[in-house]
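Novice: Input sequences plus hints: build the corresponding full structure.
The residues making up each chain are set out below.
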Amino acid sequence: MENKNLEFTEEILEILENNCKYSEEQIAVMLNRDVEYVREAIKKLEDENIIAGYRTVVDWEKMPKETVTALIEVKVTPQRGEGFDKVAERIFRYPEVKACYLMSGGFDLTVIIEGKTLKEVAFFVAEKLAPLDSVLSTSTHFVLKKYKDNGTIFEKDEKDNREVVIL
Amino acid sequence: MNITEMISPLVRNIPPSGIRKYFDMINEMEDVISLGIGEPDFVTPWNIREAGIYSLEKGDTHYSPNSGYAELRNEISKYLNRRFEVQYNPKNEMIVTVGGSEGIDIALRALVSAGDEVIIPEPCFVAYKPCTIFAGATPVTINLREEDQFKLTPELLKKAITPKTKVLILPFPNNPTGAIMTREDLEGIVDVLKKKDIIVISDEIYAELNYEGKHVSIASFPEMRDKTLIINGFSKAFAMTGWRLGYACGHPDLIAAMLKIHQYAIMSSPTTAQKAAVEALKNGDKDVYTMVREYNRRRRVMVAGFRKAGYNCFEPLGAFYVFPCIKSSGMSSELFCENLLIEEKVLVVPGTAFGRCGEGFVRATYANSMENIIEALKRIQNFAGKHIK
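Protein chains in written order, with the working numbering: chain A, 28 to 194; chain B, 225 to 613.
I should point out that these hints are in silico values taken from the structure, not numbers from a laboratory.
None of the values given here were measured: they were computed from a predicted structure.
All C-beta atoms in this analysis are idealised placements derived from N, C-alpha and C, irrespective of residue type, glycine included.
Mixed in with the good hints, there may be bad ones.
[To be verified] No farther apart than 25 angstroms at their CA atoms in a straight line, the calculated lysine-lysine pairs in the DSS-like style are these:
| hint | chain 1 | residue 1 | chain 2 | residue 2 |
| --- | --- | --- | --- | --- |
| 1 | B | K510 | A | K31 |
| 2 | B | K510 | A | K183 |
| 3 | B | K569 | A | K186 |
| 4 | A | K31 | B | K438 |
[Unchecked claim] Some chain B residues flagged as far from chain A (calculated, every beta-carbon gap over 10 angstroms):
| hint | residue |
| --- | --- |
| 5 | E370 |
| 6 | T496 |
| 7 | L541 |
[Said to hold, decoys possible] Taking CB as the label site, the calculated pair distances span:
| hint | chain 1 | residue 1 | chain 2 | residue 2 | range |
| --- | --- | --- | --- | --- | --- |
| 8 | A | Y174 | B | N237 | 51 to 57 angstroms |
| 9 | A | L40 | B | T285 | 40 to 46 angstroms |
| 10 | A | Y174 | B | G466 | 21 to 27 angstroms |
| 11 | B | G339 | A | K31 | 53 to 59 angstroms |
| 12 | B | R273 | A | K125 | 27 to 33 angstroms |
| 13 | B | S552 | A | K31 | 32 to 38 angstroms |
| 14 | B | L280 | A | L163 | 44 to 50 angstroms |
| 15 | B | K282 | A | I77 | 44 to 50 angstroms |
Specialist: If you want it as structure tokens, here you go:
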């Protein structure tokens, strides 16, 4: 029973992760469950912050507004007793930071920054990130083109090229 | 010389497909949603495509062994055992074919000739009847009924068997109805067949698309194993329709006879497709699972949508079709499809395309995106609002 419920919950997440615009009623039909059940399950997932938000995948390059994305490799000194978490928090609190991951390998944190211009991103690194006490070094890579983001391919051929009738 | 008269009467007398007109109609329309496509909307999973590309890069561009690459036959054998609990020796009990369709054709040609009867339960896939006729034999159809959930019942089967019966086609999970045969359903059929000299051609191309249980093959009954030929393939399970690859498994003598036809008519199945298929069988289970889960959700949306529109729709448990009854519209199946296309730009296929007993029904496939399905159902509900009596 536990497993069965877990499977349903996973499937709700799978559906919403791909398209959060489906209504509770639609999801209930898809999963052959009561709307009430689905509503409660989603509420619980939201309360537990498993569903951490509903956002839209935007391809800003198609808009006239210029944006710049950079991936920054950051080497840091971990803090006694707090490890990397405190350092990371000082970094990810900045609204410019879109994502922040602790990494294995040659550096410690991946920080993804979005800004309006190259200059803005460069300033952020030079004036906010690099001067932090625990930051030993940074290496900034600018994104030239986004092919796929959050599982979504931006330049896709949406045309259904199947024959219109196949028996 | 009149060329038409030169055409063999066997071929000449088969009527052309009745769906041609929809192609012509659609060509002049925009924004049509087609629920008439009997193939997955998914593209072949990337790892499988990549295996095909790699084989081309390596230069695997030659003929393959007549019965298919040994590596592929080994994988098929393991797969059938893993998924459907049937065992076939990859050496002499299977043949790799150009789609399941070739398997059906060469099986019938290997088995029947003039005077033999082939039992075909309808509504069904459109190829069985013509292939029977091309082989010179006589098709005997059984009209499956909605009240039986379009299953083949022992009573209907018994009535159709004559001393001339040589083959029974068993097409489940079924195109176009989505009906399946459970183990219990098959038991009754096995009882009828076990003492008879009738070969079952079990077309299991939709075996993976089974939504409330696992597909049971009639070949898994010990008394039926040698009398059954399993037809299966990669098209539906792995979304590989265009690769044209299937296989048939059965008694070594039958396979040897089919191989004779295959080696002279086809020579060997496509090499690239076989290389890709090995990858599908080795690492494709996860993708199949994901696709089946998605189909299942769409299936429920589809059934609910037709019912909401006011049409009776029995719950299909297999394949990727629903087969709602549209008799309440007062229209024939053909007229219903034509009007729906003209008024709402949604294409479904008249049940009559799959046998005369399909009158009063239409086939709609959910091998389409959820967005398209939801939009199509909205239009169908709109249509029903105007036409339901």
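Novice: If a hint holds in the structure, say so; if it doesn't, say that too.
Specialist: Comparing the hints with the structure gives:
1. Distance restraint check for B:K510 and A:K31: the Cα-Cα separation of roughly 19 angstroms lies within the 25 angstroms cut-off, and the hinted pair is therefore satisfied.
2. A distance of roughly 24 angstroms separates the Cα atoms of B:K510 and A:K183; the hinted pair therefore holds under the 25 angstroms criterion.
3. At roughly 17 angstroms between alpha-carbon atoms, B:K569 and A:K186 fall within 25 angstroms of each other, so this suggested pair holds.
4. Proximity of A:K31 to B:K438 is assessed by CA-CA distance (about 17 angstroms); at most 25 angstroms being required, the pair is judged to hold.
5. A cut-off of 10 angstroms between C-beta atoms confirms that B:E370 is not in contact with chain A; the least separation is 20 angstroms.
6. Separation of B:T496 from chain A is adequate, the least Cβ-Cβ distance of about 20 angstroms exceeding the 10 angstroms criterion.
7. Even its closest Cβ contact with chain A, about 12 angstroms, leaves B:L541 beyond 10 angstroms, as expected for a residue assigned away from the interface.
8. In this structure the hint that A:Y174 and B:N237 lie 51 to 57 angstroms apart at CB holds, the actual value being about 55 angstroms.
9. Separated by about 44 angstroms at the C-beta atoms, A:L40 and B:T285 satisfy the suggested range of 40 to 46 angstroms.
10. For the pair A:Y174 and B:G466, the beta carbons lie near 25 angstroms from each other, so the given range of 21 to 27 angstroms is met.
11. Between B:G339 and A:K31 the Cβ separation comes to about 54 angstroms, which falls inside the hinted range of 53 to 59 angstroms.
12. Take B:R273 and A:K125: their Cβ atoms lie about 32 angstroms apart, and the range 27 to 33 angstroms holds.
13. For the pair B:S552 and A:K31, the beta carbons lie near 36 angstroms from each other, so the given range of 32 to 38 angstroms is met.
14. Separated by about 48 angstroms at the C-beta atoms, B:L280 and A:L163 satisfy the suggested range of 44 to 50 angstroms.
15. The beta-carbon spacing between B:K282 and A:I77, approximately 45 angstroms, falls within the hinted interval of 44 to 50 angstroms.
Hint compliance for this structure: no hint is broken.
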